[in-house]
Amino acid sequence: MLSAFFAVLRRDLLLAWRGRADVLVTLAFFVIVVCLFPFGVGAEANLLRTIAPGVLWVAALLACLLSLHRLFAQDHADGTLEQLLLSSEPAVLWVTAKVLAFWLTTGLPVVVVAPVLGMLLDLEQGAYPALVISLVLGTPILALLGAVGAALTLGLRGGGMLLALLVLPLFVPVLIFGAGAVEAELSGTGATAHLLLLGGGLAGALALAPWACVAALRVSTE
Amino acid sequence: MLEAHDLACLKGDRLLFRGLALRLQAGGLLRVAGPNGVGKTSLLRLVTGLALPEAGEVRWRSVGIRSDREALHRELLYLGHAPALNDLLTPLENLRFACAAAGDDVDEQSCVTALARIGLENQLDLPARVLSQGQRRRVGLARLFLSARRPLWVLDEPFTALDVAAVAELAATLSDHCDAGGMVMLTTHQDAPFTRVPDVLDVGAYAC
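Protein sequence lines, in the order shown, are assigned to chains A and B. For the first sequence, the residue numbers in our numbering are 1 to 222. For the second sequence, the residue numbers in our numbering are 1 to 208.
Isolated chain A (complex conformation) (with noise of 0.2 angstroms):
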């Protein structure tokens, strides 16, 4: 039952190993983009504390889609699609594989690399656990969501800048309540809450998005 989830999991954290240089200019693109607002806004240590939340987290969250489109390109130009949408295995199963593949190559990546990127903008001591909890429940969410957006726009001219118009207004509950938990915590109102709320997102975007992004491929390989 679980042979194509197995199959394809381990066959595309093999391919982001084998061509890993893809996946080292996503986490390149996180730490420059997070460099760049020290340089835009000034070298304030106040102000660059108050927004350190909200650049982090919008900064990861331009790093997942600029990923995004790699998601099924190679696979539909190559026909691999094709023969995955024709296993005898249910599709949902081998799509939240390659999910979770990406999120692991893209995601995971930036949740580590972030706390190092708090320190250069002088986050608090205490919002790291915050920061670190809801970037590990907040980012999977955006690779569900741009999944489905992947998969629609799938073979279209131009499908990158419409795959970014689609999605990013789907991100920007994540982003909310993401980076709301870093600063919940830092004026001490306790980031439960936001976290309690990204973990139903998770949970919701988990159960539905895969059946979605199925349902997307299918008309998008017709």
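These are calculated hints, taken from the structure and not from any lab test. Just so we're clear, the structure is a prediction, and the values are computed from it rather than from any experiment. Since no wrong hints were added, every one of them can be taken at face value.
Heads up, incomplete: computed chain A residues facing chain B, CB under 7 angstroms, no partners named: (1) Ser3; (2) Leu15; (3) Arg18; (4) Gly79.
Glycine included, each C-beta is placed from N, C-alpha and C at the ideal position.
Once you have looked at the hints, place chain B on chain A.
Chain B alone, transformed into the frame defined by chain A:
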């Protein structure tokens, strides 16, 4: 077995063919013929369920494939125009993935044997991007040796880029599959040396 009746196919805003009917029994070898652009590949995609017909219905074992796609996909092997190879993986990795993704439980040794049988024993560890067109085609075709339990084979131009010996070997494999009770539906412009005379379906006869 595999039946279709009154099929119509719309590509963009152009009707490619209509009123097409076909029937493929156990042991049948069906060659889809017709000039370029007449809709041969589109017909194969309709039969596999990858695309939906504008009108008509495809039935597998008397059940419409729209209502039970999985029943067809469990017993179908489709090799399309693109060989479904990833350039960063070796032929062996590609073949093992193709089998596992399709839901077949195939061990590594069987994959090595299949690749050796199709003439790629020296290319097992090379990335697919250094293979020639014919060799890439062969990696895809190696799945035929591992898919004997899937009765219906639908092949889009399987002979393209193959050398004479490989064409003969492939034709023999397809004939053997039919003799064992399987079904083969393929498109080709070549006269392959089948041991039996294939039925011919001329899509051009239904063109609009």
